[in-house]
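**Student:** Turn these sequences into a full structure, and let the hints steer you where they fit.
Residue numbers (our numbering), protein chains in the order written: chain A, 1 to 296; chain B, 1 to 298.
Any given hint could be a false lead.
To be verified - Restraint-style ranges between C-beta atoms, simulated for each label pair:
1) A:GLY97 - B:PRO276: 23 to 33 Å
2) B:ASP150 - A:LEU63: 36 to 46 Å
3) A:GLY97 - B:TRP64: 20 to 30 Å
4) A:ASP55 - B:LEU190: 50 to 60 Å
None of these hints come from the bench; they were simulated from the model.
For clarity, every value in this text was computed on a predicted model and none was experimentally measured.
Using N, Cα and C, we set each Cβ at its ideal position, and we do this for glycine too.
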Amino acid sequence: MKRSKAWDAVFLGPSLIALVMVVILPFIQGIGFSLTDWNGVRPVLTYVGFANYQDMFNSVEFLYSFLVTLLYTVVNVALVNVVAFLLALLVTSRIKGRNIYRAGFFIPNLIGGIVLGYTWQFMFNDFFTALGGQLGIQAMQQSLIANKDTVILGMSIVNTWQYAGYIMLIFVAGIQSTSQEVMEAATVDGASYPQRVTRILIPMIANTFTISLFLTITNSFKMFDLNVALTNGGPAMRFMGKIVKSSQLLALTIYNKSITTKELAKGQAMSVVFFLVLVAFSLLQVYLSKRKEVEA
Amino acid sequence: MADSLHLDAVGSKNSNARWKRVLLEVVAIILLLLVLTPFIVVLFNAGKTYDQITLSPVAPPSDWSMVLTNIKAVFNDPTTDFLGAFLDSLTITAISLSVIIFFSSMAAWVLVRNKSKFSKFSFMLFVAAMVVPFQVVMYPMVYFLKGIGDTLGIPVLGTYHGIVFAYLGFGCSLSIFIFHGFIKGVPLALEESAFIDGCSQPGVFFKIIFPLLMPTVMTVAILNGIWIWNDYLLPLLVLGGNGQVQTIPLAVTAFAGAYVKQWNLIMTAALMAMVPIVILFLFAQKYIIKGMVEGAIK
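**Tutor:** In structure tokens:
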């Protein structure tokens, strides 16, 4: 008996066919659709060149959505990583019950964005406001997600609550792979705790930071489920003289473009740009981790 | 590898260090309570009537048996078949996981052992597909699957096999990548001797290779399982928001849409969506945490 090409084809076939049919071909077709007037029902399509892309870059809705997605990404990446790193330091310190804390901080990550979105809508709009009333704290009586200036912060808080426990685990894995002797030697030499963390630990786990940063960047940039269930884009605000939805991130804008207004070709053009930004992030990550490998 | 780094106060044995540790423990407990607060709030408010929840969303319920009353109300709700959605979610997750695990491991094995150009190209295709966000392909995919269904005369959208096929397509890339990394380290001699003994190719894979993959199977199952169980957009597009086959995230959305502001019932629905996965986590904690970390680092 030997390996046969026929069996290889049988083994590889199902995955390859599924990938080609639900990802590769739709991807190519999608780029094609973005150059037409596709609306999902029209039987004959007209080639319109880059008109959809031109429209998009002139559209205030898209511009705002793009900017607010970047803002959310920056706020969220900073918040998630700082919280996750501090939690990782906490659960690798010599406190009792470290494993209970690790599991407890991770639990929110198991719950889907839709269920969390509705839960936190209640938390922000009813629970915190009522609690603020009972405690007599004026600032808490305003819902974070009902105000256009704080809604992005509200979304970041929920995402940090959900995601920081996961990123914490990645930091914990990084911290555990470092040698304890170096830290102890530094202590003997009189390095303070903050010095040990910033001068020794952080440089030693630089690769872990690269992984967690890019995980959170793509996760933030692709945010959809929580966006739908928590705010569904609201509240409305004025931007460059037009009414826009203050918390409508890109993925939701693409979805609404296609579902609500049936402008599928325009939504497709947006999603191609969305894809290109994500590719740029990935290439940057590959470049950065390659460079680190060379240094190390 | 040290489980704890003892970053705090290594080497010092004075009372100052002990106080610092007590302080850290208090901080940890407070943080844990904060993280768990939303779950407690959901539980409290699933035990209230509409009037009670409007009056006080903060206090614990006065009568805990209201939780059961609310659960019954959600289950018997005429607009959303919650029990059906729960069973559908379970079926779809279980079948998709089995399909992904079998076909991805089989494909990964071929991709490792077969050195042809086509094999290398296929592997590149799988890896490249991981960068493609769902938003770019979702509408063309629905259009495409509908077209296939119409051509063949077999419905694809709104069916179990349709969504399982879609999950295989979207799930196989990462799974193949993870299996590929593991199979690379399996010595070729192991399977060669089996081939010489006259074992068939499927025999070699299922009797020799697949049993070795078990730890990796757990990782793949956990990563895909949590994703599929919680996924919203793919079921929404492939199954439709009010089709015959539903999943829990779809049912929760439909429910929240139908009972705007009836937070006691929405919180009960949320509670029911949370409980199964939290129970599963309590039992398989170690594997889940390990699987999630491995999936991210690889």
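**Student:** Please go over all the hints and tell whether each is borne out by the structure.
**Tutor:** A quick look at each hint next to the structure:
1. A:GLY97 - B:PRO276: 23 to 33 Å: holds, 26 Å
2. B:ASP150 - A:LEU63: 36 to 46 Å: For B:ASP150 and A:LEU63 the Cβ distance comes to about 38 Å; the hint holds.
3. A:GLY97 - B:TRP64: 20 to 30 Å: Roughly 28 Å apart at Cβ, these two residues keep to the hinted range, so it holds.
4. A:ASP55 - B:LEU190: 50 to 60 Å: holds, 59 Å
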